[in-house]
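Number of protein chains: 2
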Amino acid sequence: MKKYLYIIAFFLIPIAAAAQRPVPPHSPEVHADDRVTFRYFHPDAKRVILDGEFLSSSQLMAKDATGLWSITVGPVKPDIYPYSFLVDSVQVADPNNTYLFANERFKRSIVDIPGSVPLVHSLRDVPHGKIDYRYYKSATLDTLRRALVYTPPGYDASGKTAYPVLYLIHGGSDTEETWTKVGRAHLIADNLIADGKAVPMIIVMPYGNVRPDPMPSFAQDVVNDLIAFVEDHYRVLKDSKNRAVAGFSVGGGQTLNIGLTHTDKFAYVCSYAPYTATEEFRKNFSSWSPDGNQINNRLKLFTISVGTEDFLYESVKQNISMFKEKGLHVKTYIVPGGHTWMNCRLFLATTLQEIFH
Amino acid sequence: MKKYLYIIAFFLIPIAAAAQRPVPPHSPEVHADDRVTFRYFHPDAKRVILDGEFLSSSQLMAKDATGLWSITVGPVKPDIYPYSFLVDSVQVADPNNTYLFANERFKRSIVDIPGSVPLVHSLRDVPHGKIDYRYYKSATLDTLRRALVYTPPGYDASGKTAYPVLYLIHGGSDTEETWTKVGRAHLIADNLIADGKAVPMIIVMPYGNVRPDPMPSFAQDVVNDLIAFVEDHYRVLKDSKNRAVAGFSVGGGQTLNIGLTHTDKFAYVCSYAPYTATEEFRKNFSSWSPDGNQINNRLKLFTISVGTEDFLYESVKQNISMFKEKGLHVKTYIVPGGHTWMNCRLFLATTLQEIFH
Numbered sequence: 001m002k003k004y005l006y007i008i009a010f011f012l013i014p015i016a017a018a019a020q021r022p023v024p025p026h027s028p029e030v031h032a033d034d035r036v037t038f039r040y041f042h043p044d045a046k047r048v049i050l051d052g053e054f055l056s057s058s059q060l061m062a063k064d065a066t067g068l069w070s071i072t073v074g075p076v077k078p079d080i081y082p083y084s085f086l087v088d089s090v091q092v093a094d095p096n097n098t099y100l101f102a103n104e105r106f107k108r109s110i111v112d113i114p115g116s117v118p119l120v121h122s123l124r125d126v127p128h129g130k131i132d133y134r135y136y137k138s139a140t141l142d143t144l145r146r147a148l149v150y151t152p153p154g155y156d157a158s159g160k161t162a163y164p165v166l167y168l169i170h171g172g173s174d175t176e177e178t179w180t181k182v183g184r185a186h187l188i189a190d191n192l193i194a195d196g197k198a199v200p201m202i203i204v205m206p207y208g209n210v211r212p213d214p215m216p217s218f219a220q221d222v223v224n225d226l227i228a229f230v231e232d233h234y235r236v237l238k239d240s241k242n243r244a245v246a247g248f249s250v251g252g253g254q255t256l257n258i259g260l261t262h263t264d265k266f267a268y269v270c271s272y273a274p275y276t277a278t279e280e281f282r283k284n285f286s287s288w289s290p291d292g293n294q295i296n297n298r299l300k301l302f303t304i305s306v307g308t309e310d311f312l313y314e315s316v317k318q319n320i321s322m323f324k325e326k327g328l329h330v331k332t333y334i335v336p337g338g339h340t341w342m343n344c345r346l347f348l349a350t351t352l353q354e355i356f357h
Numbered sequence: 001m002k003k004y005l006y007i008i009a010f011f012l013i014p015i016a017a018a019a020q021r022p023v024p025p026h027s028p029e030v031h032a033d034d035r036v037t038f039r040y041f042h043p044d045a046k047r048v049i050l051d052g053e054f055l056s057s058s059q060l061m062a063k064d065a066t067g068l069w070s071i072t073v074g075p076v077k078p079d080i081y082p083y084s085f086l087v088d089s090v091q092v093a094d095p096n097n098t099y100l101f102a103n104e105r106f107k108r109s110i111v112d113i114p115g116s117v118p119l120v121h122s123l124r125d126v127p128h129g130k131i132d133y134r135y136y137k138s139a140t141l142d143t144l145r146r147a148l149v150y151t152p153p154g155y156d157a158s159g160k161t162a163y164p165v166l167y168l169i170h171g172g173s174d175t176e177e178t179w180t181k182v183g184r185a186h187l188i189a190d191n192l193i194a195d196g197k198a199v200p201m202i203i204v205m206p207y208g209n210v211r212p213d214p215m216p217s218f219a220q221d222v223v224n225d226l227i228a229f230v231e232d233h234y235r236v237l238k239d240s241k242n243r244a245v246a247g248f249s250v251g252g253g254q255t256l257n258i259g260l261t262h263t264d265k266f267a268y269v270c271s272y273a274p275y276t277a278t279e280e281f282r283k284n285f286s287s288w289s290p291d292g293n294q295i296n297n298r299l300k301l302f303t304i305s306v307g308t309e310d311f312l313y314e315s316v317k318q319n320i321s322m323f324k325e326k327g328l329h330v331k332t333y334i335v336p337g338g339h340t341w342m343n344c345r346l347f348l349a350t351t352l353q354e355i356f357h
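Sequences listed follow chains C and D, in order. At position 301 of the first sequence (counting the first as 1) the number is 301 in my numbering, and the numbers step up by one without a gap. At position 200 of the second sequence (counting the first as 1) the number is 200 in my numbering, and the numbers step up by one without a gap.
Honestly, the hints are just simulated from the structure, not real lab data. Treat the hints loosely; a few may be bogus.
All copies of an identical chain are treated as equivalent in the list; a pair is satisfied when it fits inside any one copy or across any two copies.
As the list claims (entries may be wrong) - Distance condition first, Cα-Cα at most 35 Å in a straight line; then the derived DSBU-like pairs of lysine-lysine:
hint : residue 1 : residue 2
1    : 77        : 283
2    : 137       : 77
3    : 160       : 283
4    : 181       : 326
5    : 283       : 63
6    : 300       : 46
7    : 283       : 46
8    : 46        : 324
9    : 317       : 137
10   : 63        : 238
11   : 77        : 265
12   : 317       : 241
13   : 46        : 265
14   : 238       : 46
15   : 160       : 238
16   : 77        : 326
17   : 326       : 238
18   : 265       : 63
The structure displayed is predicted, hence computed values, not measured ones.
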């Protein structure tokens with residue numbers, strides 16, 4: 001059967017043994033009024049439920065006589081949302097949606113509701129940078145590792161212009177692709193650069209999950225291996241005032257660990273909903289006695305962002321207090337919403353407008 | 001629950017409401033002797049079946065007392081294979097495997113069995129090129145389209161060296177990422193270039209599915225828009241002797257349509273298991289009366305490859321006969337195996353060693 005999948009799926013015409021296979025349903029179908037129809041074909045399922053981050057609660061889908069389950073929801077606030085189907089007791093990505101949430105531990109789809117007004121992450125007809133998929137050698141981890149590198153429109157590897165660099169770290173169980181596939185970091189940068197709101201910069205997105213090694217080796221990998229690789233292969237500015245680190249969730253904790261212990265290397269430290277219940281964080285900060293003035297002088301910007309419905313909200317507030325008690329100038333963005341990539345994109349859009357000016 | 005997925009999946013420690021969530025199983029686990037263990041956690045499933053292209057038939061997995069389903073298979077011939085689980089009646093990708101088959105219509109995982117001897121697609125410690133993710137404007141289709149562009153090790157956008165270009169097209173319902181995510185085209189090129197078996201080249205991988213428009217508009221997009229974009233943005237050689245087109249399945253049919261009707265532009269046409277039951281193919285070739293000598297003189301290489309177990313084998317043989325009857329020199333590779341990406345990788349490896357010499 002699988003040998004026929006290509007043809008059947010593409011041409012929608014009956015061939016050989018797959019003659020009974022139905023036309024693949026269109027899912028998700030985003031309507032002009034921001035309602036969305038989801039469809040899933042399964043004649044034998046007893047129950048199909050839609051679970052999506054645009055819903056306040058999961059929704060039962062309805063089956064028609066052909067075995068096609070569907071539901072129309074909304075209007076939904078324009079944004080990009082993760083969702084999945086629960087088919088009887090099995091969680092699945094939408095088989096007819098190309099766009100998946102890049103993650104090591106769950107398989108969900110993402111739906112893009114563009115709305116009528118371009119959003120900060122929309123694909124617009126502006127000059128576009130590109131994303132390089134690269135391997136770099138990590139002496140720290142004794143392996144080849146992957147990283148994605150966004151270069152802005154007009155970037156010329158052999159030109160005279162050198163660029164500042166943002167190191168941008170994904171959440172735990174995400175991958176090096178999550179900041180582009182889900183976060184649309186490249187489009188956010190393209191748009192803000194086109195609008196004159198962000199300076200052209202390079203954005204480096206490494207793979208942050210170091211297993212089975214403990215977390216600190218990732219910090220060493222970034223500081224010792226990744227930065228050197230980037231400086232060897234891209235035209236970049238090499239002083240701390242032209243280097244930033246940011247990240248979400250586990251990556252937000254890594255951002256604090258990497259940035260605040262290397263203020264000689266990073267003048268911008270921007271942490272989104274940081275997860276900090278780690279041995280590395282305790283080691284770095286529980287009995288930390290920093291020279292607050294020195295750090296404040298070195299850092300041009302230190303921000304912590306979090307949503308009030310984030311399950312880490314209380315923890316993040318405690319960390320903000322801790323850093324303030326130690327005398328650090330920390331700028332905070334407390335916004336509505338949870339531990340979501342909808343908020344992540346907004347946090348990044350804010351950061352891109354604040355750094356390297 | 002979903003808000004906790006990140007943390008739980010990464011730290012494997014009980015937090016809040018997710019305390020009962022088990023440690024994510026390791027799947028797939030590839031053993032040193034090329035056996036592979038697959039695991040899937042689902043206490044409530046009545047039956048879990050492993051379906052993989054390394055199996056002659058689907059295999060029932062066994063459940064332990066904790067609700068973890070597993071099976072060990074093999075030894076399996078080292079290669080990269082698609083697989084999925086059938087959980088009761090629902091087909092799912094392996095939730096604990098990061099690597100997915102890039103496709104619009106099915107969600108399957110891929111397992112990499114490296115073996116003890118490096119394969120043509122293995123990640124080796126050789127100089128690596130990079131893959132650019134780019135947007136280009138298609139006047140033909142009046143939209144921004146995505147394409148991936150592999151540049152070889154040492155590529156310098158502003159240097160003196162210009163490179164030949166291979167346009168490489170995926171199968172029907174695949175995406176512009178399938179040739180790298182599943183086909184490992186970039187690693188095959190890195191390895192063959194490092195071994196002196198292929199010349200450094202640029203490989204352009206467009207998105208071949210043009211919907212709802214008929215197929216011919218993709219050919220126009222490639223010839224009119226994509227080539228111009230590549231020539232504007234990369235240091236490339238612009239004569240037909242430095243331009244090749246290749247593709248698999250639906251993309252193999254597109255390869256014939258694009259290449260053989262534009263021998264002024266492509267001196268290399270390499271088609272893998274082409275699907276040709278299309279209106280475009282009929283229009284181009286059913287009453288075609290080519291000047292065989294002229295085409296043979298223009299083409300430095302015209303190949304058609306197919307496996308003897310491919311469901312398109314008979315159709316491909318008929319097309320080979322048809323092209324021979326029309327006087328064309330066509331080199332054929334008839335190999336064991338089916339309509340698979342295992343064969344695709346080998347077809348590409350052969351092509352890369354044959355073009356641009």
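Each hint tested on the structure:
1. With identical chains, the CA atoms of residue 77 and residue 283 are never at most 35 Å apart, being 42 Å at best within one copy and 46 Å at best between copies.
2. Proximity of residue 137 to residue 77 under the C-alpha cut-off of 35 Å is restricted to the inter-copy arrangement: shortest distance 29 Å between copies versus 43 Å within a copy.
3. Taking the closest pair of Cα atoms, residue 160 and residue 283 never come within 35 Å of each other, the shortest separation being 42 Å inside a single copy and 51 Å across copies.
4. For the homomeric pair residue 181 and residue 326, neither the shortest alpha-carbon distance inside one copy (37 Å) nor that between copies (47 Å) is at most 35 Å.
5. Taking CA atoms no more than 35 Å apart as the test, residue 283 paired with residue 63 passes in neither setting, with 54 Å inside one copy and 41 Å between copies.
6. For the homomeric pair residue 300 and residue 46, neither the shortest alpha-carbon distance inside one copy (57 Å) nor that between copies (58 Å) is at most 35 Å.
7. When the C-alpha separation of residue 283 and residue 46 is checked against a cutoff of 35 Å, the pair qualifies neither within a copy, at 51 Å, nor between copies, at 47 Å.
8. In this assembly of identical chains, residue 46 and residue 324 lie within 35 Å of each other by CA distance neither inside one copy nor across copies; the values are 54 Å within and 54 Å between.
9. When the C-alpha separation of residue 317 and residue 137 is checked against a cutoff of 35 Å, the pair qualifies neither within a copy, at 37 Å, nor between copies, at 46 Å.
10. Within a single copy, residue 63 and residue 238 get their C-alpha atoms no closer than 59 Å, and across copies no closer than 55 Å, so neither meets the 35 Å cut-off.
11. Taking CA atoms no more than 35 Å apart as the test, residue 77 paired with residue 265 passes in neither setting, with 39 Å inside one copy and 47 Å between copies.
12. Taking the closest pair of Cα atoms, residue 317 and residue 241 come within 35 Å of each other only inside a single copy of the chain (27 Å); across copies the shortest separation is 64 Å, beyond that limit.
13. Taking CA atoms no more than 35 Å apart as the test, residue 46 paired with residue 265 passes in neither setting, with 57 Å inside one copy and 55 Å between copies.
14. Taking the closest pair of Cα atoms, residue 238 and residue 46 never come within 35 Å of each other, the shortest separation being 59 Å inside a single copy and 58 Å across copies.
15. In this assembly of identical chains, the alpha carbons of residue 160 and residue 238 lie at most 35 Å apart whether taken from the same copy (14 Å) or from different copies (27 Å).
16. In this assembly of identical chains, residue 77 and residue 326 lie within 35 Å of each other by CA distance neither inside one copy nor across copies; the values are 40 Å within and 58 Å between.
17. In this homomeric assembly, residue 326 and residue 238 come within 35 Å of each other (Cα to Cα) only inside a single copy, at 28 Å, whereas the closest approach across copies is 62 Å.
18. Taking the shortest Cα distances, residue 265 and residue 63 never come within 35 Å of each other, neither inside one copy (57 Å) nor across copies (51 Å).
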